[in-house]
Amino acid sequence: MSVHPVTEAELQAYVDGRLPAERATEVAQHLAQHGDDAQRVAAYRRQNDALQAAYAPLLAAAVPARLQPGQQRRWLLPLQPLLQHYAVAAALMAVSGFAGWQLHAYVAGERTQTVYLARIAAVAHAVYSPEVRHPVEVGADQEEHLVRWLSKRLGTGLKIPHLAEQGYSLVGGRLLPGERGPAAQFMYQDSKGQRLTLYVRVSKEAREQTAFRFAQENNVGVFYWLDGRLGYALSGETDRAELLRVADAVYRQLNP
Amino acid sequence: MKLPASDVFAAQAMQYIPRLRRYARALTGDPSAADDLVQDALERALVKQDLLREGTDLRAWLFTVMHNVFVNQVRSAAVSRTVQLDDAMADRPQPQSTDRLEIRDLDAALQALPEEQRAVVLLVGLEQMTYEEAARVLEVPIGTVMSRLSRGRERLRRLMQGLPETAVLKVVK
Numbered sequence: 001m002s003v004h005p006v007t008e009a010e011l012q013a014y015v016d017g018r019l020p021a022e023r024a025t026e027v028a029q030h031l032a033q034h035g036d037d038a039q040r041v042a043a044y045r046r047q048n049d050a051l052q053a054a055y056a057p058l059l060a061a062a063v064p065a066r067l068q069p070g071q072q073r074r075w076l077l078p079l080q081p082l083l084q085h086y087a088v089a090a091a092l093m094a095v096s097g098f099a100g101w102q103l104h105a106y107v108a109g110e111r112t113q114t115v116y117l118a119r120i121a122a123v124a125h126a127v128y129s130p131e132v133r134h135p136v137e138v139g140a141d142q143e144e145h146l147v148r149w150l151s152k153r154l155g156t157g158l159k160i161p162h163l164a165e166q167g168y169s170l171v172g173g174r175l176l177p178g179e180r181g182p183a184a185q186f187m188y189q190d191s192k193g194q195r196l197t198l199y200v201r202v203s204k205e206a207r208e209q210t211a212f213r214f215a216q217e218n219n220v221g222v223f224y225w226l227d228g229r230l231g232y233a234l235s236g237e238t239d240r241a242e243l244l245r246v247a248d249a250v251y252r253q254l255n256p
Numbered sequence: 257m258k259l260p261a262s263d264v265f266a267a268q269a270m271q272y273i274p275r276l277r278r279y280a281r282a283l284t285g286d287p288s289a290a291d292d293l294v295q296d297a298l299e300r301a302l303v304k305q306d307l308l309r310e311g312t313d314l315r316a317w318l319f320t321v322m323h324n325v326f327v328n329q330v331r332s333a334a335v336s337r338t339v340q341l342d343d344a345m346a347d348r349p350q351p352q353s354t355d356r357l358e359i360r361d362l363d364a365a366l367q368a369l370p371e372e373q374r375a376v377v378l379l380v381g382l383e384q385m386t387y388e389e390a391a392r393v394l395e396v397p398i399g400t401v402m403s404r405l406s407r408g409r410e411r412l413r414r415l416m417q418g419l420p421e422t423a424v425l426k427v428v429k
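As you go down the protein sequences, you meet chains Y and W in turn. Our numbering numbers the first residue of the first sequence as 1 and each following residue consecutively. Our numbering numbers the first residue of the second sequence as 257 and each following residue consecutively.
One should not assume that every hint holds.
[As the list claims (entries may be wrong)] Incomplete in silico selection of chain W near chain Y, CB under 8 Å:
| # | residue |
| --- | --- |
| 1 | L307 |
| 2 | L308 |
| 3 | L378 |
| 4 | V380 |
| 5 | S406 |
[Unchecked claim] Each pair of labels, with its calculated beta carbon distance range:
| # | chain 1 | residue 1 | chain 2 | residue 2 | range |
| --- | --- | --- | --- | --- | --- |
| 6 | Y | Q253 | W | K304 | 17 to 25 Å |
| 7 | W | E310 | Y | R46 | 34 to 42 Å |
| 8 | Y | Q216 | W | S288 | 38 to 46 Å |
| 9 | W | Q268 | Y | F214 | 23 to 31 Å |
| 10 | W | A289 | Y | A24 | 35 to 43 Å |
| 11 | Y | K159 | W | Q268 | 22 to 30 Å |
| 12 | W | N324 | Y | Q216 | 35 to 43 Å |
| 13 | W | I398 | Y | T156 | 40 to 48 Å |
Honestly, the hints are just simulated from the structure, not real lab data. Values in this document were obtained by computation on a predicted structure and should not be read as measured data. All C-beta atoms in this analysis are idealised placements derived from N, C-alpha and C, irrespective of residue type, glycine included.
Okay, chain Y solo, but in the shape it has when bound (with noise of 0.2 Å):
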C-alpha cells in the first residue's frame, strides 16, 4: 500500500502520463490492488486513443478557403503592400481602394494566386529565419528523411537544391501550412550565417511555367515562380542580384 492515499485528480493524471515517475510507480501498485480503479484508468487511456484517432485526419486535411488568411476580408488588408508592385493593382486601388482588390482579384485570378505564393513565403521567411534554437522541424543531417517526409505529405516528389556552389548549405526544412494544404519551406544559410528559405507547394491542377517574378515585402525579397503542380518561392534579405543568382541555381537544378 502507497503511505500517502491516491486522490482522483492523481488518478486521471496518471492515465495522462502527468505524474512523477515515483509517484506513478505507487498508483500502479494501488491499481494492482483496486480493480475498479484499474478499470476506470484502462477505460479513460481507451478514450484518450479514440479521441486522438477520430479526429486526427483533421490535422492533415487542408483548410477550406473562409478560414484562410487571404480570403476573408481582414485577413486580406495587409496583402496589399505586395500587390502595389503590380502597375494594374495599384493604379486600380489608388482610384478605388479597397475595391479596387477586389476588381483586381477578378480580372487576374490566376495572378493573384501566385502573388499570394510570395506573400505567404515571405511571411514564412520572416517568421522562421530568424529562430536561433528552432529554425527548422528536421535538420539537414537526416536530409533523406526531410525528403521523403516532406515529398509524403505534399503528395509528389521533391527535391531539395544543393546550393554549396553558390555558397549556402542546407539546414532543414520544415512542414507548413499553404493555401490548400501542406507547403514545404526549405532553410539555407551561408558561411555568415545569412538565410534564404525555398517555399514549396503543389496544386492540384497543372498550371503553366511561369517566368521569375520579383516581390519585395519590407526587407524580405522573393523570386517566384511556377512549375507544373509546383510553386516555388525563393525568399531572403539579401539583395535582389544575389536573390536572382541562386533563384536562378535552384531552377536549374529543379530543371536539369
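Based on these hints, arrange chain W on the given structure of chain Y.
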C-alpha cells in the same frame, strides 16, 4: 522581424488552424458548425490581437478566444440544443466494430456530455494540454479542471459502455 505585426500574427495563427478545427469538430459534433466556430474565433482574434501581450502562448490564447465564442453560442442556443441531444442519444446505436460507427458513437457520446466537461475532456485528451493550460484556456481554477475531467471521463465511459449514467464516483481513499 521587419514585417508588420498583423502579418506575423496572421502567419502564426494560421499554423494553429488545423488544431482549432479539430477541437471545434469534436466540441460541436458537426463539421460545418465547427468551421463556423473557427471562422468566428479567427475574426475575433484578429480584432483582439492588440491585446495579445508578447510572450503569451498563442495556441492557448486562440483556444481561449474560440472557447469564449463557443460558450456564447451555446448559451444563445441552449434550449433547442438540449432537446436535440436527448433525442439523438435515445436513437444512439449500440457500439459496433466499424470505425465509422465508432466515430459517430464517440461524437454522440461527447455531445451528451455537459459542454463544460466536454471541453476539458477534449483539451486534455485530444489537444493534450496540461491541466494548467486547460485551466488558462477555460479561465477556471485548476481544481475545477480536475473535477470536470474526472466527471466528464466517467460519464463518457458509461455512455460508451452502455452503463447507467447515474453511478456516483466514489472518492478514492
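Verification of the supplied hints:
no.: 1; hint: L307; in the structure: 16 Å, violated
no.: 2; hint: L308; in the structure: 15 Å, violated
no.: 3; hint: L378; in the structure: 7 Å, holds
no.: 4; hint: V380; in the structure: 6 Å, holds
no.: 5; hint: S406; in the structure: 5 Å, holds
no.: 6; hint: Y:Q253 with W:K304: 17 to 25 Å; in the structure: 45 Å, violated
no.: 7; hint: W:E310 with Y:R46: 34 to 42 Å; in the structure: 41 Å, holds
no.: 8; hint: Y:Q216 with W:S288: 38 to 46 Å; in the structure: 39 Å, holds
no.: 9; hint: W:Q268 with Y:F214: 23 to 31 Å; in the structure: 26 Å, holds
no.: 10; hint: W:A289 with Y:A24: 35 to 43 Å; in the structure: 39 Å, holds
no.: 11; hint: Y:K159 with W:Q268: 22 to 30 Å; in the structure: 29 Å, holds
no.: 12; hint: W:N324 with Y:Q216: 35 to 43 Å; in the structure: 39 Å, holds
no.: 13; hint: W:I398 with Y:T156: 40 to 48 Å; in the structure: 46 Å, holds
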